[in-house]
Amino acid sequence: MLKIKNLHASIDGKSILKGINLNIKPGEMHAIMGLNGSGKSTLANIISGREGYAITKGDVIYQNESLLEKSPETRALDGVFMSFQYPVVIPGVNMTYFLKAALNAHRKHRDEEELDAIGFLKLIREKIKAVDIDEKYLKRAVNDGFSGGEKKRNEILQMITLEPKLSILDETDSGLDIDALKIVANGVNQYRSSENSFLVITHYQRLLNYLKPDFIHVLIDGKIVKSGDMSLASILEEKGYAWLEK
Amino acid sequence: MREQKIISEKLNKEYEYGFVTEIEQETIPPGLNEDVIRNISSRKGEPEWLLKWRLKAYQHWLKMTEPKWAKINYKPIDYQSISYFSAPKKKELKSLDEVDPELLRTYDKLGIPLEEQKMLSGVAVDAVFDSVSIATTFKEELKKHGVVFTPFSKAVHSHPELIQKYLGSVVPYTDNYFAALNSAVFSDGSFVYIPKGVRCPMELSTYFRINAQNTGQFERTLIVADDDSYVSYLEGCTAPQRDENQLHAAVVELVAHSNAKIKYSTVQNWYPGDPETGKGGIYNFVTKRGICKGDYAKISWTQVETGSAVTWKYPSCILKGDNTVGEFYSVAMANHHQQADTGTKMIHIGKNTKSTIISKGISAGKGQNTYRGEVKIMKDAENARNFSQCDSILIGDQCGAHTFPYIDVRNPSAQMEHEATTSSIGEDQLFYCNQRGISTEDAVSMIVNGFCKDVFAELPMEFAMEAQKLMEVSLEGSVG
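So the protein lines, in turn, are chains A and B. Counting from -6, one number per residue, gives the positions in the first sequence under our numbering. Counting from 89, one number per residue, gives the positions in the second sequence under our numbering.
Read the hints as simulated data drawn from the structure, not as lab findings. Some hints here could point you the wrong way.
[As the list claims (entries may be wrong)] Below, in silico cross-link-like pairs of lysine to aspartate or glutamate (EDC-like), each with a Cα-Cα straight-line distance of 20 Å or less: (1) B/541 x A/137; (2) B/408 x B/314; (3) A/101 x B/529.
My request is simple: use the sequences and hints to build the entire structure.
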């Protein structure tokens, strides 16, 4: 599904990623843990195609093709989804309109018929149940006046509606209380299958306790210094990151 | 930046309506003096009083100077190099069959075939091609209701008493430089009269078009709605591409008597000038004003201004009667080198008068967009209320948005509300849309349409769709 090969990247001449290697197979969930500034969000941004990063070495291969030259919307339409750490407010554009435009762009890309307003409403009424969002939020402008928890649930709603193959969850747990965390984790778990892959980026173990990823990687100073299974998360929670630093 | 590139590609889409119709034109040589005015007047067989009025306006104009207070820069206008009259040679057509096929093709390119308009939309079209009206439809239906909808030059003969009574009654020729010029040389336009108690059975629509090279266009529109009547008037404009600047100085006067309602909607898409250099666009200096003369009258202006190199326009309402209502809904776009200085004036004179101002300014490329508005509450205007909202959106980092609200309150019972916001379409918003599979072009359209929707909602249905389409075309090359 996704192969990251010896990826080096920098911002404004400052080296951030210093040789990342990662291999995510269909159906797998990988988690990347690390402190602030370790390069976690940079990695997520580079995979999804945000501007402003210089790739100095290496490659990101998705479904046997390099992603790096592709536009963000092409990556999205090919099945790469990112749940934003800070979902963006778009005043004046209501959520229903936005998500319908996004879904229809995906359906068009897959040579499927575009959904009309009624068809979309039927679909979305089913989807919102999974993330416990009230229908009235769909009438509001995108992320406008949403609480932190609502924003994150809204990201997961978009994920399960657009049905990506690779979902990157960038600090989806930050700013969530325990109830919202459960709802979000539940939404993600329902979407797991033998085909859908995930890259979960987080500081803490608590989201991982609900998601139970297959692999955990520790990112320090732009490199993966240790990989393991769920037991690694518990050790990190207990001992912190210092023992892994040289 | 990639986004910048897409933005600029989108904004750089060529002006679709920049073509020239080859029709023989009869034109007065360039220059302005009393003889030219006499010439215009005699060609139209105008009565003596009208000629005198024109000449008085001309004399007054000579004493005036061009206003300089607006936030616009343009090359000086040489009024002696402009030709003040131009008309297709073939006139007085009895049916559409007699219309020059070349002209009909022009309308086809603009997507407004007259025949289809007639059949589909129930809109009576008074098509002004340059200066002379060439086709008027739905006359019979309007006649049945006693509605007068006729070219101005004809109305002078068919309804002289109404013209004499109302011409210049809202915008006197002394009002401003461009109104004085228009009063002296106006060529044609529309006259509408809605009798007492009549609800005009259809939207009235006029398509203006500037065609002949170096021909200034000086339209005159007068709408009178008698007691308890209603009319909705649509004005839409496109112009072919030219190298030299063309001056447009129209005057629109609205008179609403007791309990009458006038809704005036404009979609303006004149040639904005060369995207790279800004050369060759239309100079649009328009005076539009309405008076709510009787109690409970209402005047509502809605405008979507996407074209012209320079826009100078302040559709206004004089709320003279008690309990009268004035509204102004505006979307103004300044892309590339366009400059727009537009807004409104609400003059509250009567008691319990109410005005609403919603202005949405969009700036892109090197465009400069200014909202300039005045709300004036006179001494006797008890319990006057105003709500103003002026929002600006910036696309890119080389454009500008400016807001100049003037508020003058002389009665302590007035309630005034003013809100203003400035925002930009950020890279974050575009990336968020991209990441959901929405192209940058679609994202910009979506965001701008969302920004404008309060105003679009005020437009009649067919215009709302045209406005959205115009917005997309006008934005092309603006955002990445």
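Okay, the hints, checked on the actual structure:
Taken as a hint, the residue 541 of chain B and residue 137 of chain A pair is honoured in the structure, with Cα atoms around 16 Å apart against an allowance of 20 Å. As the CA atoms of residue 408 of chain B and residue 314 of chain B are separated by approximately 15 Å, the hinted pair is consistent with the 20 Å bound. Between residue 101 of chain A and residue 529 of chain B, the direct Cα distance comes to roughly 16 Å. Compliance with the 20 Å bound is thereby established for this hinted pair.
Hint compliance for this structure: every hint is met.
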